[in-house]
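Novice: Each chain, written out:
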Amino acid sequence: GQQLNQSPQSMFIQEGEDVSMNCTSSSIFNTWLWYKQDPGEGPVLLIALYKAGELTSNGRLTAQFGITRKDSFLNISASIPSDVGIYFCAGQPRPLLNTGNQFYFGTGTSLTVIP
Amino acid sequence: DARVTQTPRHKVTEMGQEVTMRCQPILGHNTVFWYRQTMMQGLELLAYFRNRAPLDDSGMPKDRFSAEMPDATLATLKIQPSEPRDSAVYFCASGAGGPLSYEQYFGPGTRLTVT
Numbered sequence: 001g002q003q004l005n006q007s008p009q010s011m012f013i014q015e016g017e018d019v020s021m022n023c024t025s026s027s028i029f030n031t032w033l034w035y036k037q038d039p040g041e042g043p044v045l046l047i048a049l050y051k052a053g054e055l056t057s058n059g060r061l062t063a064q065f066g067i068t069r070k071d072s073f074l075n076i077s078a079s080i081p082s083d084v085g086i087y088f089c090a091g092q093p094r095p096l097l098n099t100g101n102q103f104y105f106g107t108g109t110s111l112t113v114i115p
Numbered sequence: 001d002a003r004v005t006q007t008p009r010h011k012v013t014e015m016g017q018e019v020t021m022r023c024q025p026i027l028g029h030n031t032v033f034w035y036r037q038t039m040m041q042g043l044e045l046l047a048y049f050r051n052r053a054p055l056d057d058s059g060m061p062k063d064r065f066s067a068e069m070p071d072a073t074l075a076t077l078k079i080q081p082s083e084p085r086d087s088a089v090y091f092c093a094s095g096a097g098g099p100l101s102y103e104q105y106f107g108p109g110t111r112l113t114v115t
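So the sequences go chain by chain: A and B.
Going by this note's numbering, the first residue of the first sequence is number 1, and it counts up by one from there.
Going by this note's numbering, the first residue of the second sequence is number 1, and it counts up by one from there.
These are computed hints drawn from the structure, not numbers from a lab.
Please note that the accuracy of each hint is not assured.
Covered by chain B, according to a simulated footprint, are these stretches of chain A (three or more residues, beta-carbon under 8 Å) [unchecked claim]:
1) 33–43
2) 75–85
3) 104–110
Below, simulated SDA-like cross-link-like pairs (lysine to any residue); rule was C-alpha separation at most 25 Å, straight line [as the list claims (entries may be wrong)]:
4) B:K62 - B:V12
5) A:K51 - B:A96
6) B:K11 - A:E41
7) A:K70 - B:V12
8) B:K62 - B:M15
9) A:K70 - B:N51
10) B:K78 - B:Y105
11) B:K78 - A:Y104
12) A:K70 - B:M15
13) B:K62 - A:K51
From the derived model, a few chain B residues whose C-beta atoms are all more than 10 Å from chain A [what the hints assert, rightly or not]:
14) V19
15) Q24
16) D56
17) M60
18) P61
19) K62
20) S66
21) K78
22) P81
Note that the Cβ used here is the ideal one computed from N, Cα and C, for glycine as well.
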């Protein structure tokens with residue numbers, strides 16, 4: 001199946017620092033999504049991106065759809081302890097007729113925020 | 001607020017037993033996805049449905065797994081017979097589908113342990 005490389009695998013940062021993570025694919029995607037997963041819970045959608053070059057914010061989170069359409073970036077500004085969790089990117093290649101909205105997920109970035 | 005619900009939240013069973021997991025998608029959503037999450041493989045897509053019709057179940061071991069949508073409010077994932085390697089968290093997600101709405105909303109998951 002499709003492979004999405006997400007980096008870094010893990011991050012340990014001080015509260016108040018900014019965070020950057022990215023996701024790359026070997027093929028072009030039409031849509032990128034960013035999710036956050038807390039322990040024992042399902043992933044929660046943070047940001048959705050639909051156009052190359054698009055920059056979208058959700059509070060302290062900002063995500064960008066790469067110009068090449070093969071990558072996406074997520075930034076968190078002024079991190080706080082509740083930002084702890086695993087962040088996943090998900091990408092959708094051009095959908096085929098009647099095949100629905102299949103997405104491929106990255107391997108996740110584990111974020112630890114030290115108070 | 002509208003959420004995807006899954007039952008049971010936890011299931012411990014012995015090898016060889018049948019396991020049935022249930023999912024209630026968000027009312028009005030027409031796509032349903034089943035994922036499996038493990039430490040080693042991350043999030044893997046098992047199957048997905050659009051308007052209750054299975055579109056792709058290529059990620060599912062066909063000999064023991066089956067997925068169905070008896071009606072628009074219920075999706076089931078069945079494993080028979082279960083094996084220890086099936087131990088994982090199984091997530092259901094639903095989406096509104098359509099060209100401008102690709103977001104998937106995840107349920108809390110069913111944590112399956114097969115001994």
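Novice: Broken hints, numbered, in rising order?
Specialist: As far as the earlier hints go, 2, 7, 9, 12, 13, 16 are violated by this structure, in ascending order.
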